[in-house]
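Participant: Residue numbers (numbering that gives the first Met the number 0), protein chains in the order written: chain A, 0 to 321; chain B, 0 to 321; chain C, 0 to 321; chain D, 0 to 321.
Source of the hints: derived by calculation from the structure; they are not laboratory data. Treat each hint with caution, since some may be false.
Since the list can't tell identical chains apart, any single copy or any two copies may satisfy a pair.
Keeping only pairs whose Cα atoms sit at most 30 Å apart, straight-line, the calculated DSSO-like set for lysine-lysine is [what the hints assert, rightly or not]:
#	residue 1	residue 2
1	Lys224	Lys162
2	Lys170	Lys140
3	Lys240	Lys109
4	Lys112	Lys240
4 protein chains.
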Amino acid sequence: MNTFGRIFKISIFGESHGKSVGVTIDGCPPGIDLRENDFLDDLARRKSGAKGTTPRKEKDLPEIISGVFNDKSTGAPITILFKNENIRSKDYSQLKNLPRPGHADFVAFKKYKGFSDYRGGGHFSARLTLALVAAGVVAKKITEPIIIHANILEVGGNKDVIKAVDIALEKQESIGGIVDCTATNIPLGLGEPFFDSVESVISHLVFSIPAIKAIEFGAGFLAAKMHGSEHNDEIIDESGKTKTNNAGGINGGITNGNDIYFKVAVKPTSSISLAQQTINLQTGKPEKLEIKGRHDACIALRVPVILEAVTAIALADFMLVK
Amino acid sequence: MNTFGRIFKISIFGESHGKSVGVTIDGCPPGIDLRENDFLDDLARRKSGAKGTTPRKEKDLPEIISGVFNDKSTGAPITILFKNENIRSKDYSQLKNLPRPGHADFVAFKKYKGFSDYRGGGHFSARLTLALVAAGVVAKKITEPIIIHANILEVGGNKDVIKAVDIALEKQESIGGIVDCTATNIPLGLGEPFFDSVESVISHLVFSIPAIKAIEFGAGFLAAKMHGSEHNDEIIDESGKTKTNNAGGINGGITNGNDIYFKVAVKPTSSISLAQQTINLQTGKPEKLEIKGRHDACIALRVPVILEAVTAIALADFMLVK
Amino acid sequence: MNTFGRIFKISIFGESHGKSVGVTIDGCPPGIDLRENDFLDDLARRKSGAKGTTPRKEKDLPEIISGVFNDKSTGAPITILFKNENIRSKDYSQLKNLPRPGHADFVAFKKYKGFSDYRGGGHFSARLTLALVAAGVVAKKITEPIIIHANILEVGGNKDVIKAVDIALEKQESIGGIVDCTATNIPLGLGEPFFDSVESVISHLVFSIPAIKAIEFGAGFLAAKMHGSEHNDEIIDESGKTKTNNAGGINGGITNGNDIYFKVAVKPTSSISLAQQTINLQTGKPEKLEIKGRHDACIALRVPVILEAVTAIALADFMLVK
Amino acid sequence: MNTFGRIFKISIFGESHGKSVGVTIDGCPPGIDLRENDFLDDLARRKSGAKGTTPRKEKDLPEIISGVFNDKSTGAPITILFKNENIRSKDYSQLKNLPRPGHADFVAFKKYKGFSDYRGGGHFSARLTLALVAAGVVAKKITEPIIIHANILEVGGNKDVIKAVDIALEKQESIGGIVDCTATNIPLGLGEPFFDSVESVISHLVFSIPAIKAIEFGAGFLAAKMHGSEHNDEIIDESGKTKTNNAGGINGGITNGNDIYFKVAVKPTSSISLAQQTINLQTGKPEKLEIKGRHDACIALRVPVILEAVTAIALADFMLVK
């Protein structure tokens with residue numbers, strides 16, 4: 000479903016080429032300072048415009064339509080809308096019957112029996128991450144003094160991000176990347192032993208971000224190659240501070256007061272200009288597809304602020320449950 | 000919370016050294032053939048006894064106490080209990096004040112204000128995975144003809160599993176491992192674009208299994224180093240069959256009809272016999288800890304059947320929602 | 000929370016004097032015919048304008064901003080907005096510190112620590128029922144061929160509704176009423192024995208409608224005075240048709256295929272022009288309050304279409320779960 | 000589903016003539032004093048034995064199988080079992096094909112496709128209310144210092160309860176009744192304006208109790224006949240105390256600090272010894288049915304403690320959410 004959370008509950012809606020995308024945040028405590036300006040920094044970080052991101056330009060101005068009065072949250076649901084303005088749907092008309100490999104086009108057509116909005120990926124569009132970022136801005140205010148920071152570690156296997164994007168653009172290719180995320184000042188005791196472990200809830204949200212295909216907490220896959228004596232984080236003081244942080248700040252599903260740390264893999268953008276093989280949904284016959292629409296060469300570039308947002312959303316819910 | 004699922008809903012309960020562990024399965028359709036014998040194979044696969052697994056011996060006989068009548072599910076909640084019989088709680092009395100590094104002891108003590116059952120890890124014990132395996136047996140019946148199979152790929156970085164365990168035991172060490180899972184005969188269209196993506200729900204459940212610290216779907220972390228033209232899976236026929244399966248059978252959060260494929264990292268067992276540094280919860284002072292209780296050298300050996308179980312649970316819910 | 004439902008899930012938001020009120024409907028199947036015109040009949044039935052209803056005039060035009068493409072639902076969340084246009088907030092400035100007896104003003108002020116939007120009742124306003132009616136229109140399409148019809152039985156204890164309202168207006172008073180609701184063509188087997196009994200879910204939604212204070216199914220309170228032999232509905236054919244319908248179409252929480260029938264009590268509108276005693280929230284002192292804003296003399300007049308809507312919402316969810 | 004609650008979450012399971020009935024309580028805070036003895040008083044109040052209640056005798060001894068350690072809740076899920084011992088299933092064999100009018104037999108047979116456990120009403124049995132009462136005992140401890148008290152107001156339309164039952168028994172009839180419930184020392188601000196109004200949540204749980212067919216809060220149905228000036232409760236001091244309590248302690252879905260007050264109607268027990276008309280499920284033909292099993296003449300006699308229990312469950316959840 001398009002709703003997530005137990006107390007801090009978010010619902011997202013909208014399509015790439017519909018009227019708006021938006022989010023409703025239910026369960027935000029009253030009295031939180033909230034103005035439209037507060038959203039601009041994070042929205043700008045998500046925005047396209049850098050090399051390697053789509054040339055589609057949207058103002059991305061948030062409109063708060065409920066739940067805020069005199070610049071403070073009221074305790075009622077907060078709905079935030081983003082109008083879609085710079086729409087060039089005809090770029091996508093060729094795609095109606097030609098599902099893009101790697102995209103959700105094919106499954107959307109089948110699952111929704113031909114009724115899904117195919118323009119620009121419809122409801123599957125990365126444009127929906129606007130809603131996540133907006134909810135993240137609210138969540139970050141609730142989770143203070145926690146600080147959440149995400150970083151691009153590499154794109155296309157290359158630590159020189161700018162160079163890697165240039166090369167990809169030259170080849171008419173796309174590339175993926177690895178992004179990490181650290182949350183500091185974490186209270187001890189968030190999360191539950193089963194089903195709502197911190198890893199469970201963060202990964203649930205992280206895999207709602209389009210293009211994420213892997214996540215590892217702390218030492219992650221490397222842990223599988225370590226000995227217990229190496230991997231165990233020695234507890235060095237009463238607050239629970241550990242010498243190492245192979246656990247990524249989480250034991251038994253519960254925060255131990257050390258930093259939460261995790262990494263994600265972002266796949267290369269599915270839309271590329273190179274010709275690809277697909278199937279025509281009307282004729283059932285194979286066909287070559289060259290994608291002409293605007294798209295990101297490296298979607299990983301936009302991921303950090305979205306990753307921070309979903310981490311903040313997860314932590315806000317844990318803190319309000321606690 | 001200890002409840003998961005929308006239609007096929009499971010609730011687990013119990014402690015390592017309490018009376019029983021168990022599971023309630025709500026939302027199982029009526030008329031499913033279900034006898035206590037049906038559980039034995041998967042329970043045996045999970046059981047300790049192999050080299051590298053704890054010498055604690057439990058019969059692990061399931062007792063179905065509700066929801067089944069004349070060997071068929073009735074549609075009412077199914078509760079299955081496992082008695083704890085071979086309990087040696089005094090092994091753990093030394094641990095009351097000495098939280099084991101890498102374990103949940105410290106966070107459990109703090110989160111539950113000193114009231115948690117510390118014996119054998121209490122509710123955090125891997126013994127709770129009995130409940131997951133039992134629910135998985137029911138789920139597998141519902142998800143027929145899907146076939147789910149999990150495999151140990153390596154332990155301690157070594158593909159020769161037996162040898163790696165022998166070496167670890169000799170060193171009084173523990174080791175982790177990597178396990179993969181494949182689900183075939185998957186119907187197209189399971190899952191939701193946001194929040195309940197197939198990756199979201201599977202990872203949510205997977206991170207409820209103690210000791211799992213990472214998951215990757217399809218090409219996973221490798222995807223971050225690939226070009227779009229390599230990573231995109233070409234659609235080769237009308238059913239959606241793709242030439243490669245870098246997506247792990249999931250596009251935009253939704254099954255595309257190809258095999259679901261993912262890998263997880265299992266950390267080395269936290270309990271080791273070697274001396275480790277910790278803090279005394281009463282005195283607040285550092286202390287050396289040598290763990291004497293029974294424990295697994297390589298918990299990854301037991302993971303495959305549990306991984307299959309949670310995958311079946313996730314798929315059963317998706318299929319009943321659909 | 001402001002979200003309800005398992006598969007057909009609705010979230011409502013907005014305030015009386017904010018920018019908009021609205022609803023997001025998640026879980027609507029694809030391919031349902033849906034145009035803005037479809038909403039007008041039910042919205043008109045809810046609208047003010049009749050004698051006894053508030054003179055506040057709003058166009059109440061629904062704007063579908065997501066989830067519909069080419070006049071069909073896509074399967075993605077449907078968000079519908081209603082702009083607030085005819086706002087006279089200064090009518091309410093006197094009320095900032097003077098909670099109206101019978102209203103939520105006092106509890107809203109306390110619960111939300113003074114941050115709630117007090118204008119026109121804010122999020123507690125009956126204007127939010129617009130969102131319920133809109134969701135009901137969608138739900139009615141899903142529940143076809145079920146027919147749901149609600150009726151005013153009496154207002155102010157009087158079956159002559161027009162006359163009763165005239166008398167109340169003359170006295171500067173308000174009056175309540177009794178409304179019943181019948182749903183026909185009900186499939187057998189909706190609902191669950193515990194917690195999600197049909198009575199549980201319908202009553203849950205019904206008590207979300209402002210001003211409803213009682214509900215009875217079938218014979219209701221009268222059942223308490225009957226003998227078993229009178230109350231039991233004899234089963235007269237294989238389809239489960241019964242001779243009488245004292246059960247209101249529900250046995251053991253589950254629809255039995257006969258009509259669902261229930262009645263609700265609507266309290267008199269709390270806002271009246273007569274002077275009333277209250278307490279000043281700033282000074283803590285008692286004060287007389289004469290309410291000058293626009294308000295309904297008999298809110299029960301608007302209840303039928305809202306009651307139909309929530310019944311349709313409940314049934315749509317049951318049918319999609321089934 | 001058989002699970003209810005947001006933070007204080009209960010799941011019930013079991014059948015009348017299966018091995019056990021039970022409940023799992025998730026979300027109980029750690030450190031609550033809890034022994035098996037604590038349950039005995041409320042369980043005794045629910046028990047059969049009085050005139051007018053079934054002669055089936057069960058010990059109804061609670062067995063706590065998880066979540067309690069050293070007589071304190073641990074924070075982990077608490078599961079409580081009640082063994083079924085005094086089972087006379089052959090009393091019910093005649094009923095296999097003859098659904099009792101007023102009972103769930105017919106809908107259970109149809110909904111669960113013939114697989115439901117028909118013995119003693121199976122999962123629909125009033126025996127499941129044992130689970131509710133047990134959960135209520137835990138909830139009452141959490142909601143201290145709230146005091147909840149339910150009372151039989153009348154049975155069969157008669158305030159002389161003993162006499163009314165005698166008359167009914169003589170006639171081989173059953174009778175219903177009216178029970179009220181008052182909760183005092185209520186904190187202001189519990190509940191939500193929509194969907195989780197206090198009335199919504201209490202009524203949701205109340206209609207999970209078998210045989211309840213109506214509920215009214217405060218003045219209830221009488222409110223429909225009152226004027227606003229009569230019905231509005233004047234606020235007389237800063238704490239929100241009101242002169243009257245027509246609202247039943249709830250405004251806009253939220254507790255106002257005054258007593259919560261509601262009444263319910265209990266229908267006459269469906270099982271009666273008099274011959275009744277029904278349909279044979281195998282032959283589809285009409286048949287006369289005389290019910291011989293043990294049953295209550297007046298189920299309302301057992302309702303007070305169950306009503307208190309569900310009220311406590313609702314309030315515990317509201318308090319933990321808050």
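Participant: Have a look at lysine 240 and lysine 109 and pick one of within, between, both or neither, based on CA distance no larger than 30 Å.
Facilitator: between (51 Å within a copy, 13 Å between copies)
Participant: Up to 30 Å between alpha-carbons, please classify lysine 170 paired with lysine 140: within, between, both or neither.
Facilitator: Neither. Shortest intra-copy (42 Å) and inter-copy (49 Å) distances fail the 30 Å Cα cut-off.
Participant: With 30 Å as the alpha-carbon cut-off, assign the pair lysine 224 and lysine 162 to within, between, both or neither.
Facilitator: Classified as between: cross-chain Cα gap 14 Å, same-chain 33 Å, threshold 30 Å.
Participant: Quick one: lysine 112 to lysine 240, C-alpha cut-off 30 Å, is that within a copy, between copies, both, or neither?
Facilitator: Between copies only: 18 Å across, 53 Å inside.
In summary, the structure is inconsistent with hint 2 from the numbered list given earlier, while agreeing with all the others.
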